[in-house]
Structures are given as C-alpha cells and as structure tokens.
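Chains as they are written, first to last, in my numbering: chain A, 1 to 267; chain B, 1 to 267; chain C, 1 to 278; chain D, 1 to 278; chain E, 1 to 308.
Hints listed in this document are in silico derivations from the structure and should not be mistaken for laboratory results.
Honestly, I wouldn't trust all of these hints.
Pairs of lysine-lysine, DSS-like flavour, derived with a Cα cap of 25 Å [said to hold, decoys possible]:
| no. | chain 1 | residue 1 | chain 2 | residue 2 |
| --- | --- | --- | --- | --- |
| 1 | E | Lys91 | D | Lys73 |
| 2 | B | Lys109 | D | Lys73 |
| 3 | E | Lys91 | E | Lys121 |
| 4 | B | Lys248 | A | Lys248 |
| 5 | D | Lys174 | B | Lys107 |
| 6 | B | Lys107 | D | Lys187 |
| 7 | E | Lys238 | C | Lys73 |
| 8 | C | Lys174 | C | Lys187 |
Owing to the predicted nature of the structure, the values given are computational and were not obtained by experimental measurement.
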Amino acid sequence: MSILTFRNVSLTYPARTGRGGTGDKCVLDGINLQVASDELVAIIGRSGSGKTSLLNLAAGFLTPTSGTITVDGAPVTGPGADRAVVFQDDALYPWLDARDNIAFPLKLKGVPLAERRARADALLARVGLADAGDRRIWELSGGMRQRVGIARALAAEPRFLLLDEPLGALDALTRTRMQDFLLRIKAESGAGAVLITHSIEEALLLGTRVVVLAPNPGRLTAEIEAGFNAEILNGAAVADVKASPIFKRMHAGLTGLIHAGEEELAA
Amino acid sequence: MSILTFRNVSLTYPARTGRGGTGDKCVLDGINLQVASDELVAIIGRSGSGKTSLLNLAAGFLTPTSGTITVDGAPVTGPGADRAVVFQDDALYPWLDARDNIAFPLKLKGVPLAERRARADALLARVGLADAGDRRIWELSGGMRQRVGIARALAAEPRFLLLDEPLGALDALTRTRMQDFLLRIKAESGAGAVLITHSIEEALLLGTRVVVLAPNPGRLTAEIEAGFNAEILNGAAVADVKASPIFKRMHAGLTGLIHAGEEELAA
Amino acid sequence: MILSTELDVLPIDAKDTEPARATRPIPTALISTLTVGVILGLWGLASAYALVSPVFLPSPRQVVIALYNLVVKGFVDATLAEHVGASLTRIFGALIASIIIGIPAGLAIGTSRVGRGILDPIVEFLRPLPPLAYLPLVIIWVGIGEASKITVIALSMLPSIILSTSAGVRAVSKEHINAARSLGAGKRQVLTEVVLPSAVPSILTGIRIALGAGWTTLVAAELVAATSGIGFMIQSAAQFLVTDIVISGIIVIALIAIFLEYIARLIERRLVPWASHR
Amino acid sequence: MILSTELDVLPIDAKDTEPARATRPIPTALISTLTVGVILGLWGLASAYALVSPVFLPSPRQVVIALYNLVVKGFVDATLAEHVGASLTRIFGALIASIIIGIPAGLAIGTSRVGRGILDPIVEFLRPLPPLAYLPLVIIWVGIGEASKITVIALSMLPSIILSTSAGVRAVSKEHINAARSLGAGKRQVLTEVVLPSAVPSILTGIRIALGAGWTTLVAAELVAATSGIGFMIQSAAQFLVTDIVISGIIVIALIAIFLEYIARLIERRLVPWASHR
Amino acid sequence: EEVTLNIGYQPIVEPSRVPQADGTYEKVTGAKINWQKFDGGADVIAAIASGSLDIGYVGSSPLAAASSRELPIETIFVVGLISEAEALAVKGIEKPEDLAGKKIATPFVSTAHYSLLTALKHWNVDPKSVEILNLRPPEIAAAWERGDLDGAYVWDPVLSELKKSGKVLATSADVAEWGGPTFDAWIVSKKFAEEHPDVVTAFVKVTGDATAAYRANPDAWNATSPEAEKIARLTGAKQDEVPALLKGYIFPTLEEQAGEALLGGGTVKAVADTSAFLLEQGKIPAALSDYKPYVSTRWVTDATKLAY
Ligand SMILES: Nc1ncnc2c1ncn2[C@@H]1O[C@H](COP(=O)(O)OP(=O)(O)OP(=O)(O)O)[C@@H](O)[C@H]1O
Ligand SMILES: Nc1ncnc2c1ncn2[C@@H]1O[C@H](COP(=O)(O)OP(=O)(O)OP(=O)(O)O)[C@@H](O)[C@H]1O
Ligand SMILES: [Mg+2]
Ligand SMILES: [Mg+2]
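Bound conformation, chain A alone (with noise of 0.2 Å):
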C-alpha cells in the first residue's frame, strides 16, 4: 500500500516581468493532505482556486515553494510512471490515433506491438468508443478525447491516478457510466486516485474523501469521508444512493462549504 503524502505545500508563481508583467502570486498555501492507494480523494473547489496547481504539484510538474511531497516517504522530483495524470485539456498527441495514444504507455514499458494494440482495443471498448481507434485526435468529439486521455492513463498502469476534471465534458448517460467504469477499474487496479471535480455529486459517489479547497491562496477548508463508493461497488444502486438522505445532507453540506466567503464578495 502507497501513500501519497503532502506536507505543509505551499506554491507560489513568479512575478513575470516584462510588458504585462504580474507580481508574486501565492496559489497555494499550507496544504497538508495524505492518499493512500485504497482511497480516491475528490477534490472540489471554486474555478481557479488552485485544484490544477495542487494536481501539478502531485504529478510533480512543478515543485513546492515549501513543503514537501512525498510517495512512501521518498520526495516527488519529478514526474514519473507511479502518478499518471489525466489533463483539463488532454493532452493527447496529434501524430498518434486514438488507439496509439491509448497505447503509449505500453510502448514506453516496451510491450509489443501487438499487444498494446490489444490492450488499447480493450481499453477503448470499455471507455465506449470501441470503433473510434483508428481516427485521428482532431476527429473526436470533446467528450470522445476526454475519454482517450481517461483510458492512456490507465494504460499505464500507475501507482496513484490524478484525474483533472476528466469527465467534465460528457453528457449525463456517458458521465454515469464513465463513473461506475471509474469506480470499478480502480478497485480492480488497487491505486490509489485524486479526482478534481466540478460535481459535488461526483465527488461524493466516486471519493472515499472529499477535500474543499478554497482560493486566494487555495487552502484545505474541509474534509468529508464519504464512503458511498464502497456501497455502490457493494451492489447499491446509484439513484438509491443519491436519494438517500445522508448523501443529500453531505451535498448540501459541501455546497455550503464551497460558497463560504462568497456570498459577502457577491453582495
């Protein structure tokens, strides 16, 4: 078991000088947060208050101003094979198909190539776009590519998935069901994900935990274990569970958790 550890993080871009240039702006602050591979912690929180930044920093595409992070107790330098990340805006390669893009990983790891088309047809089939491998990225739908990039990086296998926004662009059938594949394919896989989400109804069905981040300078405000996940791989049916009134209360909760401070500001 893996344990993805963040202690007092705190991040802060540099001023940009130059025509147009910003000061210092402090993004994160003070975050202390711990996945291990068991759970999926779902992050909420308001548009630009840090939830890329902070999967950034996990992915270690970017280093903390302070803190540290740590996997199993051994600092983060830099990416690598153990955390893969799933893009806000996907990050797939344009010389590839959807097929080769879902197989990259594989050929990374060396796996021939016939197998990693395999695996890839296999990975397609379940994300819904079994006859979609063939065409080329700028020939997929927004929610069609979202999918891809779900499925490259669970191609790879990793220890921890970071999962930015990934079924943001799906209609409500196809989101539902990428959910349950989520739910699933992460039980089977035993690692451990974060999951940054605009639905707090997401975020509540798929998370062990839910974590609010709060902005100027994002900080954790809350933290809610969720649990509904376990009831849903355990047979439960989803509306049941969303009908139930401690998910509705939980709901409402971090609704009210997430517009803390804001009303004042709107006023």
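Take the given structure of chain A and dock chains B, C, D and E with the ligands to it, following the hints.
Positioned in the frame of chain A, the structure of chains B, C, D and E with the ligands alone reads:
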C-alpha cells in the same frame, strides 16, 4: 429580429485515406431547426452525437453535405461577425493577454485602444476576472479561460451567440453566476443564442427551447419549450424554479429522451 | 506542374472540410503552369528582340540545343548524366551527414543545458562562415577528394537543420512532455517519443531549406579539384562564356531541386497531417 | 558568454516553473566559455607543435597581432571598421529587402491558392541557384554597384524567410482562424491578427537562418567589384595565403554574427514567450 | 609498387592538354594519375601544401606569393609566357593618361592584375587615381556589356568579347618588355620530387614534347584538328576558338627552358620582381632575398636526356 435556420441539413465527414484511413462518416442527418434572436436554444445530446459539428455548421466553419443554413434567408457561406462562437476548447490567442483576447473583436472593428481596453476590463469584471486582465492565457485556470472565451464572444456583439459547453469547466457557484450573467446579457443584447450543454438543468434554466440530438447519425429527436428563463428574468428565484414540479417533470423527461435507445445498447 | 501537391494551402478562404461541392476555383497547377509559361515567353521575347546580348541570354532554342548536346555528347569530358550523378552523390552525402549530425545536435541544443553550452558556440561560430573563405582550410584538413566537397556542402546544410530542429524542440508543448513523463517516459523516451515527433514539421522545413542551401553551395564546392559535377560544369562553361551551358546547368539544378522539393512535400504530407491540429 | 540568453532550453530535466530553490546545476554560460577555451587551447597546441603548416594555421598570437594591425592599419586599403561597415550595410540592406519581399511572399504561398500558384514555381526555381553561377546575370541587370552585392545576399536570404513563413502559416491552428473569422475578422485581418502573430516564431527562426546564409554568401557577393568589405578582405588575403588575415576575418564575421544572433534571440524572447504554450 | 601522382591543372588552353587527354602522361611516367581541376592558383597551392597534390599548374602571381611564404615547392616547367592572351581593353580611352578616374576591372591576384599594375607604373599613372575593380572574367564581360566599365585587363575569351567594342591599350607582351613578364608554370611539391624524381622528369618530358609538337606546326592545330577537339573537351572552351587562344601564349620548348631567360635565371628574377611588387602593394607580408630554391633547371635538363 434575425432568424438562423437549418433546413434539412446533413453532414458527412469525408473518408480519410492513407495509413489508418477511415470511411465516410455521416454525423448529422436531416437537421431542421430555427433560432430567432429572442431565443436561446439549448442543445443536449450524447458525447459524439454531433453537437459541436452542428455548431460548426452554424458558425460557417463547415459546409453541410446537403441542406441549407440561412440567417434571415441569406445562406451562410462562411464564418461571420454576426455569429460569434465560444469554443469547446477555448481558442484563445496565446500571444495576447486575457484583456487583449477579449478586446480582440473590438480591435477588428477599429475601436481605439483605450476604449477597447476599458470595455474589455468591464467584461472581465462581469465574468469575475477583474484582476486577471494582465495574465497570459497559460497563467489562467481552465475555468478562467472559458470565461475569457465567453467575454470575447460577447465583446463582438454578434446577432447570434454559438456556445459550445461554455460553462463545463466551472464549479457550481461560478457556474450559477455565469448562467445568470449569460441570461441577462443575452436579454440585454437581443442576440439569439445556441447553447450546447451537458447539464439538462442548465438547458432548462437558460433555454427558451431545449432540443435533443440523438447520435449515429445525429438527428433532432425532441424539442421542448422551456420558458423558465423568462421567469428567472422576471425575478423568480432559481432554487424555486428548480424545485417546481414542472421543472422536475421536464428534467426527468429530457433525461429519458437522452437515454432513449441506449439502455439496450448498454445491456 | 509538379509543384502542386495540394497539401499546404491554408483554408483562409476555403472551409475546414468541404464535404460537398468542393468547387475548386482554378487549380494551382494550372496557375503554376501559366506562370512558367509567361516566364518562358518573356525570356523568348527578350532574346528575340536582343534586349540582352545573346552572350548572356541565349534564346530558349539555343539552350534546348545545348541541353540536347549535353545529354548526348556532354561537356568538359562528362555527359550530363555523369555531372548530375556526381553532384547528386555529393548533395545526398552531405544531406545524410548533416541530418546525422544536425538533428542530434539540434535536439541537444534544444533540450539540454550542457548540450547547448557546448554546441551553441560551435554552431554559432560555424554558421556564418563563407565557404569561399574556408575552402583552403578545408583542403588543408580533408584534402581535395570527395570528402572536401561533401564537407563544404554539409557545412552549408547543417545550420538550417540544427536551427530548425532546436526551434521545433523549443515549441514542443509542455503538456505533451509532462504527459509522457507521468506516463513513465524516461528522458530518452521523451526525446524519441514526444520531442522528436513534435519537431518533425520544423525539421522537415529545415531539411527543405538545407537542400536549397546545398545546391547553392554546389558551385563553390566544385570549384576545387572536381572533374565532374553540375557546379563544375557551370563553372567551366562560365570561364569560357559558354552561356547556353551555364543556363542549361542552372535549369537542370532547378529541375532536380524542384523534384526533390516535391518529394520532401510528399513526405511532409505523409508524416505531419496533424501540423495544424495541435 | 553572450550566447546564453537562457530562453530556449526545454525543461526536460527542469520543472515547468521552479518557484523555489532553483538550483541550476552549471550555468550554460560557463560551459560555453569552457568550450571556447578548449577550442582555443587545441588551436594553440596545434600551432605550437606545428601540426599544420603555419602558413595555413597561424598561431592564436599571430592572429591577435593581425587583428590589431587590421584595426589600426587595415588591409587592402581599408581598416577593419571600414570593411565591417561596408559588409554590415550590405547584410542589413539585404535583410530588410528580403524581409519586405519574403514575408508577404511566404504569407501568399501559405494562404492563397493563386499566390502559391504564381510564386511557388518562381521561388522553387530561385532557391537552389548558386550565386557563383548567376553573378553575371545579376551584373547585367543591376550593375556592379552596391545593388548587385545586396541582390546576391538577399537572394541567399530570401528562401529561408519565405519557407519559414509559409511553414509557420501552415501550422497556424485552424481553431484560431475560425475564432477570428467568427469574431468579425476579414481575410486581411485574419492575416495580420492571427496568421502573422502565429507564424512569428517560425519567421524569426527563418530570419536567423537567413542571417547565417547572408554571411555565408558575403564573400561571393563581394567578388563583384568590391573595394571594401569583410568578404573582400578575406578573399584578397586568401589569394595571397595571408592566412592570419583570413582567420581574423572569419573570427570577425563569427563575432558579429553571434552578436546579431544574440539580439535575434532577445527579440524572440520578447515576442514569443508563448511559443510552447499553444 | 605503383606510384600515384596527383596533378592539379587549370582549364587553360595549352598544348599539354593533348597528352593529358591521350593518357600519355600515365604511359610515360608509369604512375596512376589523378587529374584534378582547379580554377585558381591559390587553391592549387593550398592543395599542394595539404599534401593532396604533387604537381600543380599556377600563374606567376600565386607562385610568387607561395614562394614568399616559403612553401616547399619548386618550379619545374614554364608552360607559357603570356603575350597576346591577356591585354588591357578599353572603351573611350585613347591614351594611358586618360585612365585617371576611369573604372578598370581585372581579376585580383591574377597575372592580369599584376600586368595592369606594371603597365600603370610604366605609364606613370598613379594606380590610386584609377578605379581598379575586382571582377572575375565572366562578370567583367557582363559589366562591360552593361556599360559599367571603361576598361578591363583580362584574358581570352572574355578579352575577345571586349575587343569587339573596345580597343587594346596594352598586351602582356608589351608589359613583359616593360619589365613585368607574366607566365604560367608547373610546380612540384619538394617532397614528391625527392621521392619520385623519375616521375617528375617523365612528366616534364611529356609536357615538353607536347609543346614541341605545337611549336613544330602551330597551324596544324586548327579548329577541326583532333588536338583542338581534345583541348576543348578538357577545358570547356569552344573548339573553334582554340587556335586563337593558343596564339595568346609564347610556349617555350624543353630546350629553351633551362636557358638564361627562363628557369636558368629569368624566372627567378620574374618571381622576385613579382614578389617585390606584391610586397609594395601590401598584398604579402614579406619578400625573400633569394627565390632560387623555388626554381629548378634540374628537371628540364634531365628530361632532355630522356627518351621514350
Ligand atoms: N503558470 C502560471 N503562472 C501564473 N499564475 C498561474 C499559472 N497557472 C495558474 N495560475 C494561477 O493560479 C491560480 C490557480 O490556478 P489553477 O489552474 O490551479 O486553478 P483551478 O482550481 O484548477 O481552476 P479551474 O477549476 O478553473 O480549472 C489561478 O489564479 C491562475 O490564474
Ligand atoms: N474532423 C472530423 N473528421 C471526422 N470525424 C469527425 C471530425 N470531427 C468530429 N468527427 C466525428 O463526428 C462525431 C460528432 O462529433 P462532435 O464533435 O460533433 O460531437 P459532440 O456532440 O460535440 O460531442 P462532445 O459532447 O463529446 O463534444 C464524432 O463521432 C466524431 O468522431
Ligand atoms: Mg483546473
Ligand atoms: Mg463537442
């Protein structure tokens, strides 16, 4: 009053030859739709059902394989200032900062620098990014970029706004505010609008009409007069509207329509 | 006209995709043919009315005859085919050498601090050097064999390949690199699987520029100790004011270069249909 | 070392942004200085042990003396400053001319079917032509004054500017163009407001390559009735085996070119910080 | 073991092109010969210095420059004294005094350049008062055609082109009389000469025989002769112009070579004079006190004894 009309529009992407070539792909079939400038038509549908393609046709980026698209009877032969688009992937210009991106359509019209900056700043404030004007595009979060894209389209003062999931990357609160903003600015400006969204709730709240696009090939399978937007503009509380039985009934109905013909597939 | 590979016109006035009634106004090939026709016509007129002395601008007819003689009899002890063969060998030798050296060097400059520290000053020093100035030094160092000619041509090709490669590398999307690294790519893999493919359009442009530069340097390279080659042929003819041969040589160079360019564009079309989709 | 503008190293081994403890391993400038030092050292050794005849590889000391004499007394009737001034005027004249012609031509080729039809065959014909071959024709048309030298240099600069411009144009994102048109941009505005800025990184690369090519052609250009100019100076010295002057000239050219390259990179840094963010 | 002989020639119309075309050199020297074409003496000298060439063809100016830089070379055969082949052709100029302020072109560093400067000195015309331009022969023709030049000191066939619309003010034959002879010569790298003296002797012998063949009956080498065809084929000259081009030189025979006028003394003096002149012009850093080591009669003397 202007009217945007789709008459019997079909679209087939031509086959791509060469390595990994694909066959012809019929994406839209026999679309008939009218959007008047006092309307906001919301389009909902599965991922890959052809919503973006439909919008690209209206924008003039694509030419229909058959059928005609007209604005006030004049055929659409290409993109034009009368139909401003908010893209699913923000198509912002990386060589301009946020403010100049918004001021871009004003620059095209020859508005003097000071004035267009002032107007861009006003729009920035209205989308909640008052202090982000100097930022480069890559210094903005996903949700911020979406809002800049919306502000840029509004700055063009078009006759029709073509919005492709413009609020998809926003948290609930920001999204609610942007919905309200869109509703009001649309009413103020008298522009017609086509809104693609994955949120049935959003479609019902903002749309004067909601149409459902079924996939493979994309066809309009339902059209519902919503009208809640008028209530909201007249002062009704959004929460009350959402709680009303008729809203709930419509929501359930649309959900059913989108899922129609899919359950057997999923089985 | 072979130039029209229809692959690189940006649809500012065409639609992104035009599924139906793709009514192409006038085919580019036709316009190009017309252009060439007009130029040939002007040339014919200029020489017919002797606007320029025939010593410097022979008539198209004369040049055609000279070309025919070149093919059949040859000039300065070699037929046209032999001259072309010799020059092509040098150009391709130089191209291969400069690709083998230039792409890794460009990658090193674009990706690694140490690589850049070492190579940048060397490249920036070599880049502006006029071949006519260092010709004696090249002779001293590599002798007068084929190696010296290939060296001179390669030195003129290298800079554009190195520069386009490193420019292509610099324009690689950071997200693409980050994605690869988080999917398990090592540094080498990032280079081969992301940076290199991303830079391919830029590298191809560099190779096209390099080919042009190579031809440009051909005459200078063949100034020294050549016994055949198009540049040698032109040079020999110029010495004795045999202008029809000079112009024939120029035309032959242009035709070969245009043919190679055509192939380069075909390759470009195959390799980088995605260039405007990133 | 002035080459290190720290702007174009891709962070394959660095982080995207390194807000804190940006521990740069070894500064590139230092590595570059070392590289230059090593080369100078090798040169010194080679000449000290007379590995190459001193006629062809004078010692660094001799070259420094030659440089000093060049500055103070001059060579072939002009001081170093006069030679440099003459050549710089030609290079910049040619650069301006080829920018004025090349960028619009590249835009036309990249964006319009008709423009491409007309210009492509002309450009592809001119591109590979060796200056040494067309020198007489240039003289017939523009005489032996400064114009001919500038023409020859400009002809060597044009191709890379045209090609990089049209390559840059082809890589413009279709979405960016579509966005502009739906926001009310006319064709001309799409060109000036979207296509041109998008192509700027590519155009700058083209200009950098062009500058190198210009220096490369300098000697050939100054074969034509020059009485001063670095190329003329080198040429004259080379004929009499005054190798220390030749090497001094080469070093002067390299230093100037490196300085210009440095400026080009500064401009690049100012204009296109977004190149890897699209 | 077979000797490999690398020869750098220039595309000059002169008799030794014929044995070159016939393969006589190979036959007589018994060496494997690589013929390399050069367009200027400076490159030939660089190639000899680099060890890539053993024997090379140079004009008197580059020869003087190379000797002054003390390169290990030796003059083995004076190919030809330049006479009518190079001349100063002018337009709108009647007498030498008119040259002041006029544009005169010549290929710098060539024998023509040297002759022009010698002629000016002879006429007491200050070279600074004349605008002397550096142009290669084809470019001279073009600039003349365009009317950019008032005169040019150049060689055939460009010279004959200029003569069509201009007049000759002086030829190299005149200049030679005024004390500035110019010539072309074969030189050898000293190292090669030491290692393979017999090859060098054989080379000189064949060259001398070719000259002798021409001198015996110059008129036989007419435009349709096989000799003219061979020369045209190797140089790129037009075949019907070959006889006229040959007439522009005085080709000394093998017997004349060793004489006081040539390798036996005249050549040394000419090289020394040329060097002194180049030094005066600031073209070379220093001249030597003695140029004898760079000229040798040994080869022509040995060659006269050789028979094949
Ligand atoms: N490279 C950068 N330089 C400077 N500021 C940046 C940079 N990237 C992001 N920011 C700023 O950091 C803040 C947080 O951005 P981040 O992308 O982490 O937000 P987010 O929570 O992911 O928002 P969203 O939900 O809209 O995607 C924003 O104010 C943004 O403007
Ligand atoms: N350029 C193209 N060439 C070929 N097929 C395309 C192209 N663009 C889109 N398609 C295909 O057309 C179909 C509809 O795509 P479209 O982008 O319109 O869907 P969408 O409804 O917007 O989906 P989403 O909600 O996921 O954005 C998809 O199957 C897609 O693969
Ligand atoms: Mg984000
Ligand atoms: Mg879409």
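Checking each numbered hint in turn, tell me which of them this model violates, lowest number first.
Of the numbered hints given earlier, those the structure breaks are 1, 2, listed in rising order.
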